[in-house]
Amino acid sequence: MSNLLQEIEAQISGVKTSVNKQNVGIVRECADGVAKIEGLTDAMLNEMLDFGNGVTGLALNLEETEVGAIILGDYLSIHEGQEVKTTGKLLSVPVGKGLLGRVVNMLGQPIDGKGPIKEDAFYPVEKIAPGIIRRKSVSQPVQTGIMAIDAMIPIGRGQRELIIGDRGTGKTTIGVDTMINQARNNKVGRASGDKTFRPIYNIYVAIGQKQSNVARVIAELEKADAMGDTIVVAASASDSAANQYMAPFSGAAMGEWFMDNGMDALIIYDDLSKQAVAYRQVSLVLKRPSGREAYPGDVFYLHSRLLERSARVSEKYGNGSLTALPIVETQAGDVSAYIPTNVISITDGQIFLETDLFYQGVRPAVSVGLSVSRVGSAAQIKAMKQVAGRLKGDLAQFRELAAFAQFGSDLDAKTQGILERGKRVVEVFKQPQFDPIAVEIQVAVLWTVQNNYFDDVDVEKIKDFQAKLTEFLTTRKADLLTKIRTEKAINDALAAELKAAVGEFKQTYR
Amino acid sequence: MKTTKQARRDAKQLFHTCKVSGLLDETRVRNVVGAVIAQKPRGYVGILTHFQRLVKLDLDRRAARVESAVPVSEALQQSVKANLGLRYGPGLAVTFAVNPALIGGLRVKVGSDVFDGSVKARLSELEASF
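Going line by line, the protein sequences match chains A and B.
Taking the working numbering, the leading residue of the first sequence gets 1, the next gets one more, and so forth.
Taking the working numbering, the leading residue of the second sequence gets 511, the next gets one more, and so forth.
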């Protein structure tokens, strides 16, 4: 017994009480979510600061005599003279599959009331994008389920495609449709038991939006049973500017985890113009010099470093990808404003939505002339290339002629033909919201258009014809659609089968 | 009153002239303030305000505050002073204070560095770990 006591005594004497060195500062002023802190001589750039009571900050400005920090969390509880400690850590968020189906804030904390999140790891919010060696060119498609986009402005995994347009032109809808289509494809792929199938996970980052809008998007995703494959990061209009400015970076960190672990993810930033405004506010309060439209000088770097993190990684490094669909809102269709031009130049193409088209009833209101995809055509499946190859040129020609044809009535047969075809293609591309179309149906319908089966249908009846054709193919010729999906190309045999099927349908259609 | 950039630059230059081998010299500081007030250069109030701020930050940086739960013996005070001198160099203004809330141990604050070896800090650390 005495041995035991001696042992404990010896162990106690062996324990050294170490004193940790801490670096502290004093809050000198605090306003608009930004604190100026005196002291903190050891603070590093972008380091997390501990304000106590669970409030954290981020050191953004290291000046000669003070540190400027943004406060993440409730800044009303911070008062002058309060002590602030450095933590030596970078701001990190939880990442992993446990976040799927959840709604989180900028710090990765759940805000949907469904209990705690089981994370796989923590990722720093600011991370350097994958370098040249790790990257691979875009070669696999992301099917948005929107026929006009998949046919003419195809998007590949790892691409950054900007969605740009005025307010109320359906920018968010394109994003939501794409997410719903990914969830549907994932379901079909998982059910098929195909070992090579790669699901795409969605991340939706809502920045500076009304809470009601975010709730509506979540409700739509739930209705379409797409929440299971989706993470929603929400920094709504009532959150502080600091939270709004950091939210896309946390979303990107969550997406990077999928990419690093050999999976594919799709991230939608809705929208980056509001994020730029939030960043402008933070910068002005931090007294950083302002430039054009009062944005700080590094607003380009803000967006470029964010979007550079979307990449397709080569097989050697896991073969994952992160596709980004940033959204930017324009004022009165002005794409030459500061933020739109910046983001257009950063991304690999843009989908431009026009108000005029929207009110003409062309929905999605994709402007064919101004929209482009710089890398996506390499990712299109062969069948789609076969049926949609010339579509964009034809439509552009149609628009030109349509403007011209308004003045005269005497048109030669060729021009007449282009106009009639164009009107039908425009009709075919109209699509209701939240109802993405599977790629095999898109291919079949476009094949039917290209092979002149729509030409003798009245323009008013095109949508009806298309709907009935789709119904006929899905109910009666499901095996044909499966063949298109699996073979991904239209060979002679498949073309003959399609011809027979469409011929059969035309006989019954009235 | 807003301090102009020029005033800040002047104040900084004056502040540097007050340094003797890296340490702030009190008599020079007094002389500088007296001379500026006598000559009244353009924006001298701004210069002096910023100068005061620089001096205050320098004093804060060189101020060491040692808190303990019970009064510290003279020998311990000397050894703490000597150790701090070794770590932070000469010119430290060390003050000692009694703070019963610490329960036991020492809490040393030098500039913005804090070495907290008090019982209270350890208890709160323990509390946070639960």
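Derived by calculation from the structure, the hints in this document are not laboratory data.
Take these hints with a grain of salt, some might be off.
Partial list, derived from the structure: chain B residues whose beta carbon lies under 8 Å from chain A [to be verified]:
#1 599
#2 622
#3 623
#4 624
Straight-line Cα separation of at most 25 Å, DSS-like style, residue types lysine-lysine; simulated pairs [stated by the list, open to error]:
#5 287(A) <-> 529(B)
#6 619(B) <-> 21(A)
#7 566(B) <-> 287(A)
#8 591(B) <-> 550(B)
If you're wondering where the values come from, they're calculated on a predicted model, not measured in any experiment.
In this text, a Cβ means the ideal position worked out from N, Cα and C, and glycines have one as well.
Going through the hints against the structure:
no.	hint	result
1	599	15 Å, violated
2	622	3 Å, holds
3	623	6 Å, holds
4	624	4 Å, holds
5	287(A) <-> 529(B)	30 Å, violated
6	619(B) <-> 21(A)	10 Å, holds
7	566(B) <-> 287(A)	23 Å, holds
8	591(B) <-> 550(B)	41 Å, violated
Of the numbered hints listed earlier, those contradicted by the structure are 1, 5 and 8.
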